[in-house]
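Undergrad: Sequence order for the protein chains is A and B.
Counted the way this note's numbering counts, the first sequence spans residues 16 to 158.
Counted the way this note's numbering counts, the second sequence spans residues 16 to 158.
There could be a bad hint or two in this list.
Identical copies go unnamed one by one, so any copy, or any two together, can satisfy a pair.
Pairs of lysine-lysine residues, derived as DSSO-like cross-links and limited to a Cα-Cα distance of at most 30 Å, are as follows [to be verified]: (1) Lys126 - Lys155; (2) Lys133 - Lys65; (3) Lys26 - Lys58; (4) Lys133 - Lys155; (5) Lys134 - Lys155; (6) Lys133 - Lys86; (7) Lys133 - Lys19; (8) Lys152 - Lys133; (9) Lys152 - Lys86; (10) Lys34 - Lys133; (11) Lys18 - Lys86; (12) Lys152 - Lys134; (13) Lys126 - Lys19; (14) Lys65 - Lys152; (15) Lys26 - Lys86; (16) Lys58 - Lys126; (17) Lys89 - Lys126; (18) Lys133 - Lys89.
Hints were generated in silico from the structure; no laboratory data involved.
Protein chains: 2
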Amino acid sequence: MDKKIFSTFLKERGQRLTKERTAILRRTLSLRGHFDPESLYVKIRATGLKASRASVYRTLNLMCECGLIEKVTKTEHGTIYEHTLGQSHHDHMLCISCGHIIEFFSETIEKLQEGICKKQGFDGVNHTLEIRGYCRKCRKKKK
Amino acid sequence: MDKKIFSTFLKERGQRLTKERTAILRRTLSLRGHFDPESLYVKIRATGLKASRASVYRTLNLMCECGLIEKVTKTEHGTIYEHTLGQSHHDHMLCISCGHIIEFFSETIEKLQEGICKKQGFDGVNHTLEIRGYCRKCRKKKK
DNA sequence: ATAAATGCAAATCGTTTGCAACGGA
DNA sequence: TCCGTTGCAAACGATTTGCATTTAT
Chain A
16 MDKKIFSTFL KERGQRLTKE RTAILRRTLS LRGHFDPESL YVKIRATGLK ASRASVYRTL
76 NLMCECGLIE KVTKTEHGTI YEHTLGQSHH DHMLCISCGH IIEFFSETIE KLQEGICKKQ
136 GFDGVNHTLE IRGYCRKCRK KKK
Chain B
16 MDKKIFSTFL KERGQRLTKE RTAILRRTLS LRGHFDPESL YVKIRATGLK ASRASVYRTL
76 NLMCECGLIE KVTKTEHGTI YEHTLGQSHH DHMLCISCGH IIEFFSETIE KLQEGICKKQ
136 GFDGVNHTLE IRGYCRKCRK KKK
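Please build the complete structure, drawing on both the sequences and the hints.
TA: Below, the structure written as structure tokens:
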């Protein structure tokens, strides 16, 4: 399904679905939640598949362009991505102790945002709401 | 006022308020809204004051540690800071066309977030809500 | 055969750091 | 004098890019 989207996207632009790109796409889709380029690269290597870091970066950019994935946030360790397909919009809680990410969604918050944009004459394309703090586990550990 | 806070903070740690740090502090405080290290550096230089890039980065980190400023977001062009003092918490709209930043605040959204955290057993320390899109001006330009 | 994609290594960009020279306390 | 601080340049880490080589169509 997603593979179809990607290959169509590439074909339209006269680009090719090589085995490296396929490997990267497959591995990316197999991931559940959020991921970053380096760990994706390591995982691909661990599987015995070959694809350079350069190709990983290049392919992730392509996947972003065609809307399969998107950048969630930038941390000191790099960019974090997530899948967009089959995923409705949501926001994130990020544990600053263990890096755990919790997704959530609030229809009310969405509506409020729309209202605020309208008031400002702002044409909102997308948004990110990130709450940083300590997850349940790390809270317990702390005390 | 802010200068007092900074010098006290430094003294407590056995550190010194040098003229470079003073220059950086002053220039930073003179800025209204958001800023990034490089443009701050350029502005300082333009004023004829001397302070190296290294010192700018080092001093901004100190100012973060003592809570005078904080990191708002990371863009492809670097980290964006803002003042914390005398500024109540607020969120941002970021125009992806001209970079213009609009601040806003919604008590309701804040409350909703608290509720969501509680539900997840998450101890929220801080959060950022960033709406990206086109500001009024750029909207008009587009069509 | 042609044009695109690869891997590598070098190049970037923002930021940090090691170090010798400098300067307040 | 004693340490903290500075500026510079080198070091960094994430990402991009130039280029010669490989590969899909």
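Undergrad: Look at each hint and say if it fits the structure.
TA: So, going through the hints one by one against the coordinates:
In this assembly of identical chains, the alpha carbons of lysine 126 and lysine 155 lie at most 30 Å apart only when taken from different copies (24 Å versus 34 Å within one copy). Proximity of lysine 133 and lysine 65 under a CA criterion of 30 Å is satisfied in neither setting, with 49 Å inside one chain copy and 44 Å between copies. Only within a single protomer do lysine 26 and lysine 58 lie at most 30 Å apart by alpha-carbon distance; the minimum there is 27 Å, versus 48 Å between protomers. Taking the shortest alpha-carbon separations for lysine 133 and lysine 155, only the inter-copy value of 15 Å comes in at or below 30 Å, while the best intra-copy value is 42 Å.
In this homomeric assembly, lysine 134 and lysine 155 come within 30 Å of each other (Cα to Cα) only across copies, at 16 Å, whereas the closest approach inside a single copy is 42 Å. For the identical chains of this complex, lysine 133 and lysine 86 are neighbours both inside a copy (25 Å) and across copies (27 Å), given an alpha-carbon limit of 30 Å. With identical chains, the CA atoms of lysine 133 and lysine 19 are never at most 30 Å apart, being 37 Å at best within one copy and 41 Å at best between copies. In this homomeric assembly, lysine 152 and lysine 133 come within 30 Å of each other (Cα to Cα) only across copies, at 14 Å, whereas the closest approach inside a single copy is 39 Å.
In the homo-oligomer, the alpha carbons of lysine 152 and lysine 86 lie at most 30 Å apart both inside one protomer (26 Å) and across protomers (26 Å), since each shortest distance falls under that limit. Proximity of lysine 34 and lysine 133 under a CA criterion of 30 Å is satisfied in neither setting, with 46 Å inside one chain copy and 46 Å between copies. Taking the shortest Cα distances, lysine 18 and lysine 86 sit within 30 Å of each other inside one copy (19 Å), while across copies they are farther apart (38 Å). Taking identical chains as interchangeable, the C-alpha atoms of lysine 152 and lysine 134 lie at most 30 Å apart only when they sit on different chains, with a minimum of 14 Å there against 40 Å within one chain.
Taking the closest pair of Cα atoms, lysine 126 and lysine 19 never come within 30 Å of each other, the shortest separation being 34 Å inside a single copy and 42 Å across copies. Taking identical chains as interchangeable, the C-alpha atoms of lysine 65 and lysine 152 are never at most 30 Å apart, the minima being 37 Å within one chain and 48 Å between chains. In this assembly of identical chains, lysine 26 and lysine 86 lie within 30 Å of each other by CA distance solely inside one copy; the values are 24 Å within and 41 Å between copies. Taking identical chains as interchangeable, the C-alpha atoms of lysine 58 and lysine 126 are never at most 30 Å apart, the minima being 39 Å within one chain and 40 Å between chains.
Taking the shortest alpha-carbon separations for lysine 89 and lysine 126, both the intra-copy value of 26 Å and the inter-copy value of 26 Å come in at or below 30 Å. Taking the closest pair of Cα atoms, lysine 133 and lysine 89 come within 30 Å of each other both inside a single copy (28 Å) and across two copies (26 Å).
Comparing the model with each earlier hint shows violations of hints 2, 7, 10, 13, 14, 16; every other hint is respected.
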